[in-house]
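Undergrad: Take a look at the letters that make up each chain.
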Amino acid sequence: MSRGSNAGFDRHITIFSPEGRLYQVEYAFKAIAQSGLTSVGIRGTDTVVVVTQKKVPDKLLDPSTLTNMFKLTPRIGCVMTGHNADSRSQVHRARVEAGEWKYKFGYDIMADVLCRRLADISQVYTQNAEMRPLGCCMIMVAIDPQQGPVLYKCDPAGYYCGFRATAVGAKQTEANSYLEKKLKKKPDLSHDRTVQLAISCLSSVLSMDFKASELEIGIVTKDKPKFRTLSESEIEAHLVAIAERE
Amino acid sequence: MLHSLNPSQQQTGGFSFENSRRNAVLESSLSEVGYKAPKARKTGTTIAGMVFKDGVLLGADTRATDDMVVADKNCMKIHYIAPKIYCCGAGVAADAEMATQMMASNVELHMLNTGRPPLVAMVTRQLKQMLFRYQGHMGSSVIVGGVDVTGAHLYSVYPHGSYDKLPFLTMGSGAAAAVSVFEDRFKPNMELEDAKKLVRDAIAAGIFCDLGSGSNVDLCIITEAGVQFLRGYDKPAQKGKREGQYRYKPGTTAVLTKTETPLSVDVIDESVQMMDTE
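In the order they appear, the protein sequences are chains A and U.
Under my numbering, the first residue of the first sequence is numbered 81, with each subsequent residue one higher.
Under my numbering, the first residue of the second sequence is numbered 3, with each subsequent residue one higher.
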């Protein structure tokens, strides 16, 4: 039997351990939490929103050049959580895939197809011994022309799924349970309520009150299906609305 | 990665032009002696398509020609691509057949990949990219028509890869005859029966006025509800019925005289040839 004959390499490269686990993939998940940031995505009736923290670690850093929100196509946006460099690589690959699709087929790629493509690429990394999985997780948002608002998440294991709401990052378990509680009654989420729920989720899980400069929010709505990030004044307006409600 | 980023990659498959110069020399030397190189069988053809109130209507004749000889009196020029997308092919018969079959399998894979019904624009895009890649050597002109989530669409793609998107289109050697009928009587949002008559008349114009087209009219009606394929919808060029007969009853011609002359034949030579039965 080949039990234990991996000579302990199962922790170093992406081959199976005797228990049937891929340690490298599990370590990749831990790497996502290393960045210290948490991101939340929520799908409402006509809006999908992704929120992430904006932590500027260095006073000399120019905050306008630091972002985790990326536009993959005019209508599909994403937030990346985890390793910065791996995130940029995955975003670039997603843009290339979307561009090739548009060239080959003549119409814009759909969010679920793009997510599946990236998940398939991530799966290859979990099978090749010479390549490590990427230490980042992508939450993708779009307004699908037939299905309406959609929210997809794609992780280093090559797993992808559509969500009503999800969280990724350092405090993802707490954030996910908060979202489960809030969405249990299946409330009707208007545009403002969706954004404010996402912000409140982050503040309650991280136990801090945010300033507008400490958050990044990306949205797509049915009226304006192009992906865009909210400006500081718009974020401020939502924060004020949350404070007034309490 | 995008193909444009790998310029050094050798293009495998497709046409090889290594023997072009040799072929040109051979052809010129043949024509000096008076022989012609054999030509591929073309379909001659009149194909037409139009967008009407409920969807798209495609029509085609059914004659395949081999230079000046009719090779097939009832061939099928309307090909299936997807449940609600059909395509008429003109030009070289084999090229049209292969191109549409490749499109059909690509579309099937695409449908399985996306889980959604295909778009007519996607079929046109892939078809024109393939034809451009072959630089016009794939001699098939096609009319692609169908109904998808965005509505009813009609495209024509030429052998070099250019395409047109119009409410009515004709292709093939009988295109001029057919398009004249369309130009005269086409109106947007026609009813089904009027549209069928119009396409039938356009194809009939091609059948009668063009030598490369003939036999029957095939129609294909594609609507949101589904597809109706009318093979042999109209047979305008029926074979005429023979009025008289060239067979005469025995006794029609009177026998006047009868003479018998016996011939005597002698055996001169007898030879036996063994047959090769091994």
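Worth flagging that the hints you see were computed from the coordinates, not collected in a lab.
All of these numbers come straight from a predicted model, not from anything done at the bench.
Note that the Cβ used here is the ideal one computed from N, Cα and C, for glycine as well.
Any given hint could be a false lead.
[What the hints assert, rightly or not] Straight-line distance between alpha carbons at most 25 angstroms, and here's what the computed BS3-like set of lysine-lysine pairs gives:
id, chain 1, residue 1, chain 2, residue 2
1, A, K182, A, K306
2, U, K189, U, K167
3, A, K134, A, K151
4, U, K130, A, K184
5, A, K151, A, K261
6, A, K184, U, K167
7, U, K55, U, K199
8, A, K304, A, K182
9, A, K182, U, K167
10, U, K243, U, K75
11, U, K130, A, K182
12, U, K189, U, K75
[As the list claims (entries may be wrong)] Partial pick of chain A residues on the chain U-facing surface, computed with a CB cut under 10 angstroms:
id, residue
13, F185
14, G186
15, I189
16, M190
17, D192
18, V193
19, R196
20, P225
21, C241
Undergrad: All hints, please: hold or fail.
TA: A quick look at each hint next to the structure:
At roughly 17 angstroms between alpha-carbon atoms, K182(A) and K306(A) fall within 25 angstroms of each other, so this suggested pair holds. As the CA atoms of K189(U) and K167(U) are separated by approximately 16 angstroms, the hinted pair is consistent with the 25 angstroms bound. Between K134(A) and K151(A) the alpha-carbon distance is near 17 angstroms, which keeps this suggested pair within the 25 angstroms criterion. For the hint linking K130(U) to K184(A), the alpha-carbon distance of about 10 angstroms falls within 25 angstroms, and the restraint holds.
Between K151(A) and K261(A) the CA atoms are separated by roughly 30 angstroms; this puts the pair beyond 25 angstroms, and the hint is violated. Our distance criterion of 25 angstroms between C-alpha atoms is met by K184(A) and K167(U), whose separation comes to about 18 angstroms. Distance restraint check for K55(U) and K199(U): the Cα-Cα separation of roughly 14 angstroms lies within the 25 angstroms cut-off, and the hinted pair is therefore satisfied. A threshold of 25 angstroms between alpha carbons decides the hint, and for K304(A) with K182(A) the separation of about 21 angstroms falls inside it, so the pair holds.
Between K182(A) and K167(U) the alpha-carbon distance is near 19 angstroms, which keeps this suggested pair within the 25 angstroms criterion. For the proposed pair K243(U) and K75(U), the alpha carbon gap of about 18 angstroms is at most 25 angstroms, so the pair holds. Between K130(U) and K182(A) the CA atoms are separated by roughly 14 angstroms; this keeps the pair inside 25 angstroms, and the hint holds. Note on K189(U) and K75(U): the hinted pairing is violated, with a Cα-Cα distance of about 32 angstroms set against a maximum of 25 angstroms.
Given hint, F185(A) at the interface with chain U, holds; its Cβ is 4 angstroms from that chain's nearest Cβ, closer than 10 angstroms. Hint on G186(A) holds. Least Cβ distance to chain U is approximately 4 angstroms, under the 10 angstroms limit. Because the beta carbon of I189(A) sits about 9 angstroms from the nearest beta carbon in chain U, less than 10 angstroms, this interface hint is met. At about 7 angstroms, the closest approach between the beta carbon of M190(A) and any beta carbon in chain U falls short of 10 angstroms, and the interface hint on this residue holds.
At its closest, the beta carbon of D192(A) sits 8 angstroms from a beta carbon of chain U; the interface hint therefore holds under the 10 angstroms criterion. Because the smallest distance between the Cβ of V193(A) and any Cβ of chain U comes to about 5 angstroms, under 10 angstroms, the interface hint for this residue holds. Residue-level restraint check for R196(A) holds (minimum Cβ-Cβ distance to chain U is 8 angstroms; threshold 10 angstroms). Taken as an interface hint, P225(A) checks out: its beta carbon lies about 8 angstroms from the nearest beta carbon of chain U, inside 10 angstroms.
Below 10 angstroms, beta-carbon pairs count as interface contacts, and C241(A) has none with chain U, the closest being about 15 angstroms; its hint is therefore violated.
Checked against the numbered hints above, the structure breaks hints 5, 12 and 21 and satisfies the rest.
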